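Asker: Next come the chains, spelled out residue by residue.
Number of protein chains: 2
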Amino acid sequence: MLPSKNSYTDIKEIVLARIRDHTWPPGSIIPGEIELAEEFGCARATVNRAMRELAEDGILDRKRKAGTRVNKSPVRHAKFAIPLVRIEVESTGAAYRYTLLNKKIFIAPAWLRARLSLGDSAEVLHLQCMHFADNTPFQFEDRWINIDAVHNIENADFTTIGPNEWLVNEMPFTDVEIAFSARVADKKLAEYLSLSIGEPVFTTERITWLSGTPITFARFSFGRGYSLKTRF
Amino acid sequence: MLPSKNSYTDIKEIVLARIRDHTWPPGSIIPGEIELAEEFGCARATVNRAMRELAEDGILDRKRKAGTRVNKSPVRHAKFAIPLVRIEVESTGAAYRYTLLNKKIFIAPAWLRARLSLGDSAEVLHLQCMHFADNTPFQFEDRWINIDAVHNIENADFTTIGPNEWLVNEMPFTDVEIAFSARVADKKLAEYLSLSIGEPVFTTERITWLSGTPITFARFSFGRGYSLKTRF
DNA sequence: CAGTGGTCTAGACCACACA
DNA sequence: GTGTGGTCTAGACCACTGC
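Those protein sequence lines, which keep their order, are chains A and B.
Going by this note's numbering, the first sequence opens with residue 561, and the numbers climb by one from there.
Going by this note's numbering, the second sequence opens with residue 561, and the numbers climb by one from there.
Be aware that a few hints might be false.
Put simply, identical chains are the same to the list, so a pair is met inside one copy or across any two.
[To be verified] Pairs of lysine-lysine, BS3-like flavour, derived with a Cα cap of 30 Å: (1) Lys664 x Lys789; (2) Lys663 x Lys632; (3) Lys663 x Lys623; (4) Lys748 x Lys572.
Keep in mind that the hints were calculated from the coordinates and are not lab data.
None of these values were measured; they are calculated from a predicted model.
Kindly produce the complete structure, drawing on both the sequences and the hints.
Answerer: Right, here's the structure in full:
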């Protein structure tokens, strides 16, 4: 039994070290919680927390009855903070400014109905707006909101507060899908973001649901040179 | 005391509901763990786990002595899986193929020294390689490895196994910085990825350290139409 | 069915940060 | 100092799942 290695962080370190030095090679099964608790001289709950967190990080794969294995494909998980645009801009020290460009109710186009699994006659509120940092274009927001799912939407005017910020405060959600990609600036986008046509644009798309009901689809196009960073 | 709401997931749901209906508005302090444990009729450890996970998700902000507050800026954290390219390609059902294009040792150029905090005469191994999915270009990898930090690097030949995969298996690391952006395809990149010059390219850059020592800088440029997705 | 991880409890001590 | 969250323990029961 190892002495005085009883914190869950210590156990994580030991386990990681054993994986790195191939004591427990990728794909291999590692001892059960009771056995490890005895070896480390701690309670099973402590081992459990260490192993659970390593599993969350994608290092281990745990299954009841089958035991705990070292993950073969070392999938790392990167965590990105997705803040409000306003917060993001203000955190750089720049002044934030918001402008509503368009606001209109439509019957959802086919591509959107497909994306959100909407019915044929579903109505959506389409919004386009700009977010500026010190008066330089920071982000263009293209948003569709499923009107049936957000019933007091008619009372929101979106002239002073962006749809993202409004929705975050008014509308709960349970599921989010995010996609990152690189797209080309078309004529409109180039105009809005002060780019040349054909320039690359970092784009994120987001769909949110409330327990199965689609709420909104949004595409965010960022100005020149934007990059999304994280560290862990 | 609420009856039969004693699992940590139940508690998370209740807390989220109270935040959504503004029982506990953003920025407000919420009751301590002992009080909540009494209210929910469960142990403090159970409340603790619920609150800890909500704090990890960025919903709550916890401080010893100061208590637990509802986070003002609703920063959501998106978790992205960063798998090996090979796994990523194979998971789509395509056949994976790898090619080494260049391999040469240099004195680190100034921009790289700045990025990795290297000394003036630091040597780096520069590698360029391609990853294919069913013989269509999937990813171009441009990598610099700090030779001093990876001492058995001379024995690796990288003709059959990519540097990413080799490093993951041989070299532990403690810190990673990842950045996503959209870049323009220059002549070489267009050639490698079968693109036109000027096309947008989804790019990720990664720097890894082992307890303060820089290991490697890598830039990954993805083929047309690639997008990184996550759901939570 | 049986073994493994998943969770909960009641109690305890500790560490940090605010007064 | 003192109150809050952070962690650990010893024990218990449950739930999933592979055999």
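Asker: Confirm or reject each hint.
Answerer: Status of each hint after checking the structure:
no. : hint            : verdict
1   : Lys664 x Lys789 : between (34 Å within a copy, 29 Å between copies)
2   : Lys663 x Lys632 : between (50 Å within a copy, 28 Å between copies)
3   : Lys663 x Lys623 : neither (50 Å within a copy, 42 Å between copies)
4   : Lys748 x Lys572 : neither (51 Å within a copy, 44 Å between copies)
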